[in-house]
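Engineer: Keeping their order, the protein sequence lines are chains A and B. Residue numbers 1 to 503, in the working numbering, belong to the letters of the first sequence in order. Residue numbers 1 to 342, in the working numbering, belong to the letters of the second sequence in order.
One thing to keep in mind: the hints can contain errors.
[To be verified] Far from chain B, some chain A residues (derived; all Cβ distances over 12 Å):
1. T343
2. G374
3. K441
[Claimed, not checked] One side only, chain B facing chain A, incomplete, derived with CB under 8 Å:
4. R208
5. A218
6. N219
7. S226
If you're looking for bench data, these hints aren't it; they were derived computationally from the structure. Quick caveat: nothing in here was measured; it's all calculated off a predicted structure. Virtual Cβ for every residue (Gly too), placed ideally from N, Cα, C.
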Amino acid sequence: MRSLATDVPAECLLEVSNVSKAFPGVVALDDVSLRVKRGTVHALIGENGAGKSTLMKIIAGIYTPDTGELHLHGSSVHLSSPRQALQNGIAMIHQELNLMPFMSVAENIWIGREPVNALGLISHRELHRKTRALLERLRIDVDPQAEVRTLSIARRQMIEIAKALSHESQLLIMDEPTSALTERDAEHLFAIIRELQAQGKSILYITHKMEELFEIADELSVLRDGRYIGSASPRALTRDEIIRMMVGRELSQIFPGAPARPGAVVLSARDLTLEPQFRNVSFDLHAGEILGIAGLVGSGRSQLAEALFGLTAASSGQLWIEGCEVKLDSPQAAMSRGMAFVTEDRKETGCFLRLSVLENLEIAVLKGAFVRCGFVRKRAATQACAAMSRLLGVKTPDLHERIENLSGGNQQKVLLGRWLLTRPKILILDEPTRGVDVGAKAEIHQLIARLVADGAAVLMISSEMPEILGMSHRIMVMHEGRVTGILEREQADQVKIMELAAG
Amino acid sequence: MSQALAQRTVDARSARRARRFPPAASILMVLIGLALTFELLGWILVRQSFLLNEQRLVVMILQVSVIGIIAVGVTQVIITGGIDLSSGSVVAVTAMVAASLAQSSEAVRAVYPSLTDLPVLVPVIAGLAVGAAAGLLNGTLVAYTSIPPFIATLGVMVSARGIAKWYTHGQPVSMLNDAYAAIGSGVVPVVIFLGTALVFHIALRYTRYGKFTYAIGANPQAARISGINVARHLIVVYTIAGTLSGLAGIVTSARAVSGQAGMGMMYELDAIAAAVIGGASLSGGIGRITGTVIGTLILGVVTSGFTFLRIDAYYQEIVKGAIIVAAVIADQYRHRAGGKRA
Chain A
1 MRSLATDVPA ECLLEVSNVS KAFPGVVALD DVSLRVKRGT VHALIGENGA
51 GKSTLMKIIA GIYTPDTGEL HLHGSSVHLS SPRQALQNGI AMIHQELNLM
101 PFMSVAENIW IGREPVNALG LISHRELHRK TRALLERLRI DVDPQAEVRT
151 LSIARRQMIE IAKALSHESQ LLIMDEPTSA LTERDAEHLF AIIRELQAQG
201 KSILYITHKM EELFEIADEL SVLRDGRYIG SASPRALTRD EIIRMMVGRE
251 LSQIFPGAPA RPGAVVLSAR DLTLEPQFRN VSFDLHAGEI LGIAGLVGSG
301 RSQLAEALFG LTAASSGQLW IEGCEVKLDS PQAAMSRGMA FVTEDRKETG
351 CFLRLSVLEN LEIAVLKGAF VRCGFVRKRA ATQACAAMSR LLGVKTPDLH
401 ERIENLSGGN QQKVLLGRWL LTRPKILILD EPTRGVDVGA KAEIHQLIAR
451 LVADGAAVLM ISSEMPEILG MSHRIMVMHE GRVTGILERE QADQVKIMEL
501 AAG
Chain B
1 MSQALAQRTV DARSARRARR FPPAASILMV LIGLALTFEL LGWILVRQSF
51 LLNEQRLVVM ILQVSVIGII AVGVTQVIIT GGIDLSSGSV VAVTAMVAAS
101 LAQSSEAVRA VYPSLTDLPV LVPVIAGLAV GAAAGLLNGT LVAYTSIPPF
151 IATLGVMVSA RGIAKWYTHG QPVSMLNDAY AAIGSGVVPV VIFLGTALVF
201 HIALRYTRYG KFTYAIGANP QAARISGINV ARHLIVVYTI AGTLSGLAGI
251 VTSARAVSGQ AGMGMMYELD AIAAAVIGGA SLSGGIGRIT GTVIGTLILG
301 VVTSGFTFLR IDAYYQEIVK GAIIVAAVIA DQYRHRAGGK RA
């Protein structure tokens, strides 16, 4: 791709040229170029994992690109820290807010830059005056002395924006700012965004929501699999065209053909509800079936999985396992019914990083045949774990290696192995191949297919379209905590899923 | 790429080499090094052997036996990612309660004049029960409230000390019967210490109790999802630690042939130090009883070594502090290096 740096139009504020960034095992961005014009709202869209967040973080100075350049006002800049980005007029408003709850609004906004009096002490009067002026300019009605923890999420978001602008930023990066806002708060946010735009600021706006594109974006750029697909005005496109730009990809991987004849219903849910995470979720899961669950981040999929496994009990609704109504209020209860759960976050909720592969494998089966009078039957447990490790092809020097030293794919295999040792009838997999390299991914897919062929029932949450489409017999799509549709494999395609997922 | 690969191979090789040594080996070296240093200084400064004196060695272990008993319990708490600050005060309460039930009929002003000359089992069981109750309280606070273990056990530490003073309005409990005093005489405390250590070494290494303890410390969320009843297990671990503090209180009062409200002062810190010197990580998931035993012996060697060289007790404390800090620094360095199991 040719460099665009030579003929920058005057109104171009930020230009990203040929930026690439790789992480161990994945190429997050591949030769991406992008221009943000002054005084515009530029939306960045793409599926989960398309590289949006990585690009944002490069622009905000959190990551440095492997190759490629950033140009601000036509001149090349090198941003090696968020602080440097701020000094260059770029501020990022994170999805998870970074305010200190026990400090006042004014203290939060000016932290590290407090005005001082003649004695070198902080002048609170001046601090509050400056804050009031800033908030008035943005038409945000908040007391500068209020403690942040007393404010609603929406108000906190506005304070974040005010903080960003207090640095005299020219470019504001917003990562799904409305994900935690009500419709009315979102309206207020849009009003502020339009106001900023009128003042000549630019906004780079990540979103998953179609309506927002049409409402506030002047221009949109699409990323897919770490590549830049194209830019356009949202007014020139239809909703379907935008979705096609986001997902337009052939199924390149070969998935193991799942057997087509599912058996009896093993798990049946009716009107499961846990406000505000999900509501009225009903579905049946058959033996020998993979039910894929698609949806955007924040659609309540993982919370549903946690409730099914008894981690946070649903507040209402019914659940049957093999025809018996059950109440699952703890993981032990779920396990005793033959359930297993491989969580989404390998490091946070899966691995015991400081313990060995063996200890990670055996932990869920320390009962029955493997324990006598409280003593672990070491030989039996080790043999079973070694056999499982061989079956899964875990690459490790030996079973006593710390799991920390294994690659992501091998860690994931160990976690699968931990649950397979319990011989589950119902297996819940949350993002089973996230952050796993291609080879291990295929092996994990093969393994899941084999389990299903042996009669296990699998509930598989995945944000990867090819995985969902390639593996599932049926696909349940969720949007903001509701099931928006259950598609048969034959009638499902990426566009339909995206439409249901976008609500 | 090939460079990275070479690095990995080297890492793997060094990790494998590290495993051939028992993990407690490095701290054992420190113990031997310290002992040899005192041996050398002994010949230079006081013209005596430090190690070739059976009596001194027995006294040395005897002095730290009580700390060692507590440290065995505290190590388990630390492995779960917690801490127990209440041990020293629990020693005082149990010493008072057990002593009050172990008085001989010759005692003037006995706490319970009608309950003298009871069988020795009575004060022992009462003492262990008091310790277990304190541990149960610690465990319940840690498992069912969101207050950190540091604060929960700090509260119990302060209150337990108060109870110890209130129990006899500050009066010491003396004139204990011979059977009770026998618990603290001769090498009995050493036997109790090493016996306790052996039992819990086996429990941590070979039982489900041990596996769950390490798992909870390494990742409480993953432990819960793996079907471990984390709250219940934490209560068990803290109760065991409390019971061992109670045992330490019994030994302390039997050795002194009296119970005093000021007993066990700062013992919790020595016990934590012994565990940490022995390789237990305050962030949980790592620690061994063998290491703790060696850590306890290191504290003993330092104490008796300085006495042997007739150096002021002040210096002894200064050096002890430095050793504790050095051990934690070494511990963190080991974790940054990743690799081997500690």
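Engineer: For each hint, tell me whether it holds in the structure or not.
Structural biologist: Now the hints, each set against the structure:
At roughly 6 Å, the least C-beta separation between T343 of chain A and chain B is not larger than 12 Å, which violates its mark as non-interface. A Cβ of chain B approaches the Cβ of G374 of chain A within 12 Å, the least distance being about 5 Å, so the stated non-interface status is violated. The non-interface label for K441 of chain A is consistent with chain B: the shortest C-beta to C-beta separation is roughly 21 Å, beyond 12 Å. For R208 of chain B, the shortest C-beta to C-beta distance to chain A is roughly 5 Å, which falls under 8 Å, so the interface hint holds.
Satisfaction of the interface hint for A218 of chain B is found here, the shortest Cβ-Cβ separation to chain A being roughly 4 Å, below the 8 Å cut-off. Below 8 Å, beta-carbon pairs count as interface contacts, and N219 of chain B has one with chain A at about 5 Å; its hint therefore holds. For S226 of chain B, the interface hint holds, the least distance from its beta-carbon to any beta-carbon of chain A being 5 Å, beneath 8 Å.
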